[in-house]
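Engineer: Each chain is listed here by its residues.
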Amino acid sequence: MRSNVVSEAIPGQEAARLVARDISVAYDGFQVLTDVSIDVGPGEIVGLIGPNGAGKTTLFDCLSGFVPGTGRIWVDGREVTALAPHRRARAGLGRSFQDARLYHSLTVFDTLRVAAETRVRPAPVVLAMANAPASRRAEAETTALALEHLEVLGLQPYRDKLVRELSTGTRRIVDLAGLLLQGPAVVLLDEPSSGIAQKEVEALRPLLLSLRDRTGCSILLIEHDMPLLLGLADRVYALETGVVIAEGAPDEVVHDPEVVRSYLGTDATAIERSGTARHRKV
Amino acid sequence: MDLVALGLVVGMANALLAAGLVLIYMSNRVINFAHGELGAFAVAMMLALTRNAHLNYWLALLLSLAATAALGGIIEKTFLSRLFKSPRLIVLIATIGIAQLVIVGRLVMPKADAVGGSHALAGGANIFPVPFHWAPVEFGRVVLLPQHFMALIAGPIVALGLFAFLRWSAYGVALRAAAENGARARLLGIPVRRVSTLAWIVAALLSGIASILLAPVIGFSATEAVGLPILMRGLAAATVARMESVGLAFGAGLALGVLDQLVFFYTGRSGLTDIVLLAVIVGTLLYRGEANRRTVAAEESSWEVADPVRPLPTEVANHPRWRALTGTLATVGIVAVLFVPRFMTVSGTHFLATVLLVAVVAVSLTVLTGWAGQMSIGQWALAGVGGVLGAKIVTGWGVPFWGGLVAAALLGGLVALILGFPALRLGGTALAVVTLGFAVASASWLFNQEWFKGTGFLPRPAYLTTTVYYYVALAFLVLAVATTRALQKGRVGRNMIAVRDNPRQAAAMGLDIVRTKLTAFVISGVFAGAAGFLWASGVGLASSTVFPPSRSLSLVAAVVIGGLGSVGGAVLGAFYLLVIPYLGTQISPHLGLISSGVGLLILVMFLPGGLARLVGSGRDLAARLLTGQQARTPVVPVSAESPAP
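Listed in order, the protein sequences are those of chains A and B. Numbered according to the numbering used here, the first sequence spans residues 135 to 416. Numbered according to the numbering used here, the second sequence spans residues 2 to 646.
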């Protein structure tokens, strides 16, 4: 693996927010991902689809540094391949998890203050113990950021609630508020619609769009809810058994015969929810 | 070959102990910290029956083993079955409480020292009964006594019986099925709970047999501290076997016995057993660090407190009547602690000072276990590092007392940091095992090393009279509480909890997990080390005798009883544990263990928030009565679709 030098220009991708080249991951001799390459351009929302076990979450885990693999990764033009997860986060890689568990014994307010880690320069621990001015300043800055983002997403009523007291839907919003606060260059969203009610899923689209528009970040999105995905994505990658089998505009990819065979099937209801429609596309 | 034979004698006992631990782990998914105590109970009963009641060996054996097995069954029925669905670390803490109660059960038995004359019963068969007597047999370089042959013969018989039981009896099959997949086994109609009771009975029996075989070989002291070393023997072998194979555990136990003998023979030093066991445990766990991930995931949910104490809403906290009340209480409290020495005897003041210092160690454990979620069962040993090594620096190198205090704090932090590195790769239960090993090995080995300990004494400077000492301890506790509270309210405490609750999420938010955890270890070690130094200077002693591993268990009890994660709770817990036995010595000399054990069990079963929760509820009630306002702001429900885009 290469060290974390600022990369030489990647041909044709100078401005790309996330570049992954030839990512391969193997667990216990079992090949989960094979030479997956992904690009996410500035402000782009890119979908990642595929059947269960295709390796979507493993790809996210590898990109964010939780699962070792081969290949190279750049975030915002900087190579992060050799960096630990928290350093990737500081380099501008945001990440949500499928279960959005967050921290069950922290309050919503504190969860957002934790998310400010990348934004506020912390005071040394010794100063924090003495509650010295430097530490209080950093705390005040953190608190201001957290309050601001509570307000942006209308979470004030939940301020002092513990995360474990929240519904999955509300937890996702706290999660998004945290990402908004982190202000990453690119966000990996792992199935934001899972575990929440249909009505809330429909509310997700404007939320995700506002996440992008407010922070100017790019989004790489795993999503099984086709109407949501098609309403958001500029481009889609389809993954099957660890290999990219199709890539391109959403309409092309969902009609790609390979994708239909391996993932979507021929039933039109899989991609068009009754009542809502694809005309919501950006 | 001769050494191997001797090793196998000890190994046989290790093996039986390990097999029992694995059995309980299979059925309950928990390491039974009372395991060694069950064995010690059997031994104490044997002694009482043969020495005091003058019973025939075989009759006494039968009665002791029956009583131990029954005890195992009763424990399971009373406690474990009620905690069947609790988080596993809570169950682990419950077994600590059980261990403390079993110790009491052992200590209230008539003492055999009526015969032996001394409290300690070292010396093997001269005191511990053996059914056979024949001339010692020389075999190569070793002399084999009847008790050695007993172990060599009885061990395999018991082992064969156990294997036959697990392999062919319906219960054995059910036990293995329940261990493999409890929920599935229950769906198939296997009475998983009854199987668990049986596992405890069998395990208690194994521990009893092992300890009775071991006692005449290695000697047995009737003090509090005997159960933990017994536990360590089984634990090391069971760890090697990944807690999942009785057969492997058995083999590992035998091998460890042989290793123990070889180390003893070739170094010529006794007392290395525990350090060998610790090395084996740490080595095995680190080698397999990744493989343990599965259990870690299951334990992540272990630290939640059902209803934590929250800060009062600002409108209540700033209410004039509430401020008047808290102001008055604070003033009264400050005056009381400042003037306590005037109204108390010298010994009473001295006692209070030591309680304050133990409270500091409890606070240090709160940072490590309560926030960072790193289970430490060796906190008193960390205090011991500060006390023993600090004393060496003061008495041996002529460093001034306060220099010694600073050195003790730094050394405590350093040793905690060293303990922290394996912890980065280990989950809750594994770390508990390692820190317990550290506590046991430091008391039996480290604190007795010439290069580590000084004279074993730590005199206070003359101007540190009891009263001054009290104020120093008080100031130190205030400092510890103030600094940890500052951390708790700010980034450091928050990040520790985040890393504990969900390390991956925390890393994705940019938190440095390694650094956060190690910070917890260092802060914890600094306070523990300094408190240990001051504490040792209070009793004047700085040796293994005043830093026993059993107090590390008591400290876990203190922070759990106080309310895990609460700084004030830790202080309360330390007072609860030490003051009750101090006031009630005339009721029972074992009141400390009783209140600790009972307190722990009541807490984990009925009041998971601890004393801090009780006080918190009282505060909320008082605030409401006084200000007429709700102590907690009601939450207006907002659903996900409404927030502003």
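Heads up, a few of these hints could be off.
DSSO-like mimics (lysine-lysine), calculated; alpha carbons at most 30 angstroms apart, straight line [unchecked claim]:
id	chain 1	residue 1	chain 2	residue 2
1	B	LYS86	A	LYS295
2	B	LYS490	A	LYS295
3	A	LYS333	A	LYS295
Please keep in mind that the hints were generated in silico from the structure rather than gathered at the bench.
Engineer: If a hint holds in the structure, say so; if it doesn't, say that too.
Structural biologist: Comparing the hints with the structure gives:
For the suggested pair B/LYS86 and A/LYS295, the alpha carbons sit about 26 angstroms apart, so the restraint of at most 30 angstroms is met. Only pairs whose Cα atoms come within 30 angstroms are accepted, and B/LYS490 paired with A/LYS295 is accepted, the gap being roughly 16 angstroms. As the CA atoms of A/LYS333 and A/LYS295 are separated by approximately 23 angstroms, the hinted pair is consistent with the 30 angstroms bound.
Hint check: no violations occur; every hint is consistent with the structure.
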